[in-house]
Amino acid sequence: MPKLSVYNMAGKTTGEEIELNEEVFGVEFNEPVVHQAIVMQQANQRQGTSATKTRGMVRGGGRKPWRQKGTGHARVGSTRSPLWVGGGVTFGPQPRSYHKDMTRKARRLAIRCALSAKVAEGQLVIIDNIAFDDFKTKRTLEMLEAFEAAENKTLIITNGENENVELSARNIRKVTVINNGGLNCFDLLHNNKVFLDKNAVEKIEEVLA
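Heads up, the final residue of the sequence shown is numbered 707 in this note's numbering, and it's a clean run with no missing numbers.
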């Protein structure tokens, strides 16, 4: 079973080691499942509201521009033809759903793979307690600098809702904060460094094991 040292927010070890569940933090990386999970997540974030007007939707164009024969022009029935400026659009986007789905078993496997990859690469850091008394951006920056992660894309995973941590990090462009209930493949793999609250480990293992 993988073991990791536990740190405080000042970047120093507490002397404690945590033993991680191998079924959650030590599985073999399954690229097809992880890819499917990321595609699903990104697809489900799309609104699908893009729309264009066909020739039947564009206002006007009821009068024939010129008579059918004798002008030398090509015959035209409406100024709202897709061939004309101001006309409709042929085969343009219409509102649609981009929704994709995966089985719960596959979704959980993908998250286990992402967590295991972070452990294997040494990018997962266990913090004894991620919490702030008040919300200040400086608090988050101090924690990142303690781990030399101020320039990295960073994910902070808290134990449940923690408003002060979320508010302290929202002005930092490369930092994302989620709670253990919002764990997902994209955020885990998109960020270089992952800080995980020690108290959230047991809950994550309970759900994913």
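Any given hint could turn out to be false.
Listed next, the in silico DSS-like pairs over lysine-lysine satisfying Cα-Cα at most 27 Å (straight line) [said to hold, decoys possible]: (1) Lys-510 - Lys-603; (2) Lys-691 - Lys-672; (3) Lys-510 - Lys-634; (4) Lys-696 - Lys-672; (5) Lys-651 - Lys-634; (6) Lys-701 - Lys-691; (7) Lys-651 - Lys-691; (8) Lys-634 - Lys-551; (9) Lys-551 - Lys-562; (10) Lys-651 - Lys-501; (11) Lys-501 - Lys-634; (12) Lys-691 - Lys-501; (13) Lys-701 - Lys-501; (14) Lys-696 - Lys-651; (15) Lys-696 - Lys-510; (16) Lys-551 - Lys-636; (17) Lys-691 - Lys-510; (18) Lys-636 - Lys-651; (19) Lys-636 - Lys-501.
To be clear, the hints were calculated from the coordinates, so they are not data collected in a lab.
The structure presented is a predicted model; accordingly, all values stated were derived computationally and were not measured.
A quick look at each hint next to the structure:
no.: 1; hint: Lys-510 - Lys-603; verdict: violated, 37 Å
no.: 2; hint: Lys-691 - Lys-672; verdict: holds, 11 Å
no.: 3; hint: Lys-510 - Lys-634; verdict: holds, 21 Å
no.: 4; hint: Lys-696 - Lys-672; verdict: holds, 22 Å
no.: 5; hint: Lys-651 - Lys-634; verdict: holds, 19 Å
no.: 6; hint: Lys-701 - Lys-691; verdict: holds, 21 Å
no.: 7; hint: Lys-651 - Lys-691; verdict: holds, 7 Å
no.: 8; hint: Lys-634 - Lys-551; verdict: violated, 48 Å
no.: 9; hint: Lys-551 - Lys-562; verdict: holds, 20 Å
no.: 10; hint: Lys-651 - Lys-501; verdict: holds, 24 Å
no.: 11; hint: Lys-501 - Lys-634; verdict: violated, 32 Å
no.: 12; hint: Lys-691 - Lys-501; verdict: holds, 17 Å
no.: 13; hint: Lys-701 - Lys-501; verdict: holds, 17 Å
no.: 14; hint: Lys-696 - Lys-651; verdict: holds, 21 Å
no.: 15; hint: Lys-696 - Lys-510; verdict: holds, 15 Å
no.: 16; hint: Lys-551 - Lys-636; verdict: violated, 50 Å
no.: 17; hint: Lys-691 - Lys-510; verdict: holds, 17 Å
no.: 18; hint: Lys-636 - Lys-651; verdict: holds, 17 Å
no.: 19; hint: Lys-636 - Lys-501; verdict: violated, 31 Å
Violation of the numbered hints given earlier is confined to hints 1, 8, 11, 16, 19; the remaining hints are satisfied by the structure.
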